[in-house]
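Work out the full structure, taking the sequences as your base and the hints as a guide.
Reading the sequence shown from the start, the letters are residues -33 to -1, 1 to 160 in mature numbering (1 follows the signal peptide of the UniProt record, and there is no 0).
Just so you know, the hints here were simulated from the structure itself, not pulled from any lab data. Incorrect hints may appear among the rest.
Restraint-style ranges between C-beta atoms, simulated for each label pair [claimed, not checked]:
#1 15 - 103: 30 to 36 Å
#2 66 - 25: 28 to 34 Å
#3 27 - 69: 28 to 34 Å
#4 154 - 55: 19 to 25 Å
#5 35 - 86: 33 to 39 Å
#6 116 - 35: 39 to 45 Å
Beta carbons are placed, not taken as given, at the ideal position from N, Cα and C, and that holds for glycine.
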Amino acid sequence: MKRVLQSFAVIIAILVLGVAAHHLMTPSTSEHAATQATKKSQKKATPVEINWREPSEKKAYPNWKKLKNPWVDVSIKNQRVYIKDGSKTVYTMYASTGVKNSTPRGTYHIQTERGKFFYNAQSKEGAKYWVSFKDHGIYLFHTVPTDKNGHYNVKEADKLGKAAHSHGCVRLGVPDAKWFYHNVSYGTKVVIA
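Here it is as structure tokens:
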């Protein structure tokens, strides 16, 4: 009986030591969670995939006529155009504003000038679906740039939403610019900051 008890004591000791060793080698739940959080924070943020040929959002564009207090908020820092209804953002568009702070900051209003296509021989760039917000046809919202034949400049278009790259206008993706052209009415407030 003494030998059985000694054997039993040895088995218990081995089990206890094994469990203790396992706990020393295995991180606790909180340590494991902290390690996983550190690994996640070290991963680079996945860049947003921007397709200038498609609407900026998966949802439908807002019904402009049903908005109570519509206005346009342009963020140079974020390279975004926010369609607002009062203080609420109802749609967000990818944009590219002017290099070297060439897009004027301030409060403006949509002017009467708008058109389906223009081409500037001096800058060798054109665009579709343009709407003026300052200096009657000088500062515009419009599509990503085109050549004189209306073909989109893919290299420039691929910068949409990522960097300021225009001559001072606010570039938009093709469907966004088309919606803007057909819906944003004369006199609408535009705030650029």
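(message) Run through the hints listed earlier and report the numbers of any the structure violates, in increasing order.
(response) none
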